[in-house]
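J.: As a plain string of letters, each chain reads:
Number of protein chains: 2
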Amino acid sequence: MNHEEPFSGLLTEPSTVVTAGVELFERTLAAQGVDHHRVDWRPPDDGTAAAIARISADPRTVAANEEAVSRLTSAEPRWTDVVTASEAVGIERGQFLHAGPPLTWERASGPMRGALIGAMLYEGMAGTPEEAADIAARGGIELSPCHEHGAVGPMAGVVAPSMPMFRVENAAFGNTAYCSLNEGLGKVLRYGAFGPEVIERLQWMRDVLGPAMRAAVRALDGMDLRALITQALQMGDELHNRNRAASALFVREVVPPLLEAELDPRQLAEVVRFINGNEHFFLNLVMPAAKAAADPARDLPGSTMVVAVARNGTDFGIQVSGTGDRWFTAPAEVPDGLFLGGYTVEDANPDIGDSTITETAGLGGFAMAAAPAIVRFIGGEVGQALAATRSMYQITLAEHPVYQVPILEFRGTPVGIDVTKVVRTGLVPVVNTGIAGREAGTGQVGAGLVTPPMAVFSAAVRALADDAGA
Amino acid sequence: MNHEEPFSGLLTEPSTVVTAGVELFERTLAAQGVDHHRVDWRPPDDGTAAAIARISADPRTVAANEEAVSRLTSAEPRWTDVVTASEAVGIERGQFLHAGPPLTWERASGPMRGALIGAMLYEGMAGTPEEAADIAARGGIELSPCHEHGAVGPMAGVVAPSMPMFRVENAAFGNTAYCSLNEGLGKVLRYGAFGPEVIERLQWMRDVLGPAMRAAVRALDGMDLRALITQALQMGDELHNRNRAASALFVREVVPPLLEAELDPRQLAEVVRFINGNEHFFLNLVMPAAKAAADPARDLPGSTMVVAVARNGTDFGIQVSGTGDRWFTAPAEVPDGLFLGGYTVEDANPDIGDSTITETAGLGGFAMAAAPAIVRFIGGEVGQALAATRSMYQITLAEHPVYQVPILEFRGTPVGIDVTKVVRTGLVPVVNTGIAGREAGTGQVGAGLVTPPMAVFSAAVRALADDAGA
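Chains Z and L supply the protein sequences, listed in that same order.
Residue numbers 1 to 470, in the numbering used here, belong to the letters of the first sequence in order.
Residue numbers 1 to 470, in the numbering used here, belong to the letters of the second sequence in order.
For the record, the hints were derived by calculation from the structure and aren't laboratory data.
Glycine included, each C-beta is placed from N, C-alpha and C at the ideal position.
There may be inaccurate statements among the hints.
[Unchecked claim] Listed next, with one range per pair, are the computed distances between beta-carbon atoms:
| hint | chain 1 | residue 1 | chain 2 | residue 2 | range |
| --- | --- | --- | --- | --- | --- |
| 1 | Z | Gly127 | L | Asp207 | 51 to 59 Å |
| 2 | L | Ala219 | Z | Asp134 | 43 to 51 Å |
| 3 | L | Arg376 | Z | Glu87 | 38 to 46 Å |
| 4 | L | Glu66 | Z | Pro331 | 53 to 61 Å |
| 5 | L | Pro331 | Z | Thr230 | 37 to 45 Å |
| 6 | Z | Asp299 | L | Asp207 | 55 to 63 Å |
| 7 | L | Gly184 | Z | Glu130 | 53 to 61 Å |
| 8 | Z | Glu439 | L | Pro401 | 34 to 42 Å |
[As the list claims (entries may be wrong)] The following residues of chain L were derived to be distant from chain Z, with all beta-carbon distances above 10 Å:
| hint | residue |
| --- | --- |
| 9 | Asp134 |
| 10 | His149 |
| 11 | Pro331 |
| 12 | Asp336 |
Given only the sequences and the hints, what does the whole structure look like? Please build it.
T.: Shown next as structure tokens:
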């Protein structure tokens with residue numbers, strides 16, 4: 001990954017030479033025994049240099065980007081309620097949301113199909129996985145991206161009408177975002193598993209966990225997610241693949257109101273044990289917090305800022321403020337990292353999930369310097385975690401005024417991905433991710449980093465240039 | 001503080017020159033415009049050079065130190081129970097424990113007297129603070145250091161017979177250690193406050209908090225403190241002045257058994273709110289964990305390793321493995337750092353408390369690199385937090401096999417202070433500490449770092465040399 005190279009010597013003292021492009025430079029240094037790093041940089045794709053020049057000449061761009069990143073970073077996300085998906089986003093029996101850009105059953109990957117099968121079993125639309133697959137293949141279900149309903153979903157991101165969802169409000173702009181509740185790791189719906197234990201867990205989440213969370217948040221009169229995320233960044237989380245501190249702080253906050261809500265103590269103990277056993281629980285609140293922050297930055301003519309990064313297991317897609325609801329897509333890559341048990345990269349599905357909304361909002365891979373211990377979960381060296389964050393300043397519009405990285409002397413995280421900077425530097429966003437098994441029903445096989453396809457950024461740049469020239 | 005100088009440029013690239021001793025070197029560099037740092041290093045105190053030579057020739061020292069640090073780092077501290085102080089350490093009405101080396105009422109500082117007055121009011125030995133002070137001045141109470149009873153106490157460290165205490169067992173060696181429960185910050189007994197709210201809180205801790213904690217730990221069948229400390233080091237705590245993550249993880253663990261213990265839910269909510277409101281709650285478990293780890297390393301003839309660092313608000317004292325229960329003391333210094341509200345260093349009492357047992361065991365100031373955000377609480381720059389840990393490798397015997405610092409590529413914390421290395425390098429241990437007001441009744445006025453007096457290490461070195469020569 002080219003983003004790791006420029007700063008890999010950060011914590012060690014000796015300076016080094018970085019070479020890019022023409023190989024002669026590198027060979028000469030090598031011949032002289034000089035310590036050096038070759039950076040995997042290439043000139044921008046065909047046509048993008050001219051496109052960037054046209055965007056640069058667009059009189060709207062600077063102000064539009066200032067407005068976009070200002071809206072993104074001045075968000076005040078609050079968790080305010082738990083409601084069913086049908087209440088939240090108006091889906092009805094037979095309708096399901098999914099992660100990433102628009103998708104059909106025919107093009108859906110193994111884990112996406114597995115999650116849809118599981119959701120149909122959970123909704124009682126089919127008695128067996130085979131029956132569910134038949135119904136889906138015959139066009140018996142209606143699919144729609146979470147992002148088109150003010151929602152986000154991790155991994156397959158499949159949302160069924162009766163599922164409970166967190167409601168998050170952006171107090172600064174009055175908009176809302178929704179996300180389902182986190183099921184834990186391993187064999188879970190969002191990783192494409194649909195066995196009986198998956199369905200039973202979803203039923204328990206609907207009947208016990210969801211109502212408990214609703215009681216807690218109503219008694220709390222909302223929870224300030226920005227404040228909690230800010231604290232967690234000082235406690236070793238990057239809020240995408242590491243939510244250990246945030247989840248612990250979350251439990252701490254919800255327990256007193258849960259105790260006073262007079263729920264059954266045994267069920268309450270179950271709820272707390274369930275959340276305690278799942279260090280990613282808070283991810284499903286970070287995601288709608290990031291979505292609620294990014295949405296007000298949409299639809300600003302001339303802005304080159306990314307407002308959504310999302311994958312459906314087949315396509316990797318982005319949306320950009322200046323180009324409205326249009327998706328720029330390319331085939332999703334297979335992530336690499338650390339694999340569970342006997343799994344290898346051969347078992348991995350291409351990249352999947354809306355959780356890249358965290359990177360969109362200056363968290364996740366962009367905040368990895370705050371979470372050096374994450375390398376034990378996704379692989380790599382601590383220096384790479386620092387390097388990841390530092391390199392992202394090159395492709396972003398601002399430093400987050402609230403989300404800060406202690407080890408970088410409390411510098412704000414890099415935030416507001418600018419597609420022209422991505423294309424110009426050749427640096428793509430650093431994305432932390434979970435890794436789903438490619439076969440439907442497998443579940444999670446690992447966690448790691450994935451390289452977004454440059455093509456989506458090039459396509460966005462060309463579209464923005466067309467618009468600038470119009 | 002001289003420990004900050006050698007590494008103050010850690011995160012920035014340019015190299016620099018460090019000068020020590022003779023000023024001519026520094027003047028020459030300055031005249032040439034060379035970037036340099038003067039280190040406040042002086043040759044060892046009179047007599048210690050010869051003493052160190054004698055210790056070096058002692059055939060017991062190397063093996064004794066290996067054994068000492070091996071015992072210290074192989075501890076397996078578990079929280080196993082909550083009992084009253086009279087059950088734990090056998091004190092009875094009129095007897096009180098205190099922090100640091102032995103002390104009399106006559107020599108006690110303001111906060112120590114304040115805490116003793118409060119403890120007498122709490123025990124019903126006096127009706128007013130004046131009456132309590134009179135009784136104490138007339139010799140009506142009996143004082144004894146916590147450390148002499150297998151216990152430790154933060155700040156004034158005053159323990160009264162009816163107070164609840166955490167019991168910690170070292171599963172590797174079978175020994176135990178005790179510590180009182182943490183009251184929170186501000187106007188609290190351990191900082192020398194004794195107003196009605198202090199006494200009422202202590203009564204609530206005795207009647208509600210203590211029994212709840214006892215029920216939790218018994219239902220849990222003990223809590224693995226080593227595992228929890230290890231996790232907290234990966235979450236931005238150094239476990240002395242920053243216990244935010246550890247306290248959150250602690251709450252998370254105790255809530256399910258508390259729920260199943262069928263306590264009154266309202267009282268339970270009070271208990272959880274109390275712990276949630278006090279990010280230092282876990283310190284009072286770290287301290288006995290460290291004490292339980294250090295005690296098996298005592299009394300190894302020839303060992304130059306420190307087994308206790310403690311202050312009583314008047315004297316700073318250490319105990320060394322090779323010299324048994326002897327205290328080496330010198331006047332305690334006044335800490336410097338960040339002060340609360342309108343307080344200044346003028347309001348600060350000299351250094352106080354047994355919490356330096358954390359540094360003795362490789363935590364606290366020695367683990368500051370794990371807790372860059374602590375500089376917002378105690379002052380200074382992030383680079384200094386990294387530098388503090390790195391400099392401590394110079395005066396310690398080992399790197400902790402379990403307690404690791406992610407940002408230093410998971411290097412073990414420096415552990416096992418060697419008095420000969422302290423004297424030889426001129427580097428004294430880095431100590432994080434709370435700061436008590438000097439007037440009895442004030443409470444906490446700040447938090448910061450304190451410089452231990454070199455005289456205690458020199459005195460220990462001379463005593464070890466006498467023993468080596470015997």
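J.: State for each hint whether it applies.
T.: Here is how each hint holds up against the structure:
Take Gly127/Z and Asp207/L: their Cβ atoms lie about 57 Å apart, and the range 51 to 59 Å holds. Between Ala219/L and Asp134/Z the CB atoms are about 49 Å apart, so this pair conforms to the stated range of 43 to 51 Å. One distance hint, 38 to 46 Å for the beta-carbon pair Arg376/L and Glu87/Z, holds here, with the actual separation near 41 Å. Take Glu66/L and Pro331/Z: their Cβ atoms lie about 58 Å apart, and the range 53 to 61 Å holds.
Taking the beta carbon of each, Pro331/L and Thr230/Z are about 41 Å apart, inside 37 to 45 Å as hinted. Taking the beta carbon of each, Asp299/Z and Asp207/L are about 60 Å apart, inside 55 to 63 Å as hinted. Here the CB-CB span from Gly184/L to Glu130/Z is close to 60 Å, well matched to the stated 53 to 61 Å. Checked against the hint of 34 to 42 Å, the pair Glu439/Z and Pro401/L passes, with Cβ atoms roughly 40 Å apart.
Annotated as non-interface, Asp134/L keeps its C-beta farther than 10 Å from every C-beta of chain Z; the closest such distance is 43 Å. With 10 Å as the threshold on Cβ separation, the claim that His149/L sits away from chain Z holds: the shortest Cβ distance comes to roughly 33 Å. With a cut of 10 Å on Cβ distances, Pro331/L stays outside the contact zone with chain Z, its closest approach being about 35 Å. Listed as a non-interface residue, Asp336/L keeps its Cβ farther than 10 Å from every Cβ of chain Z; the least gap is roughly 21 Å.
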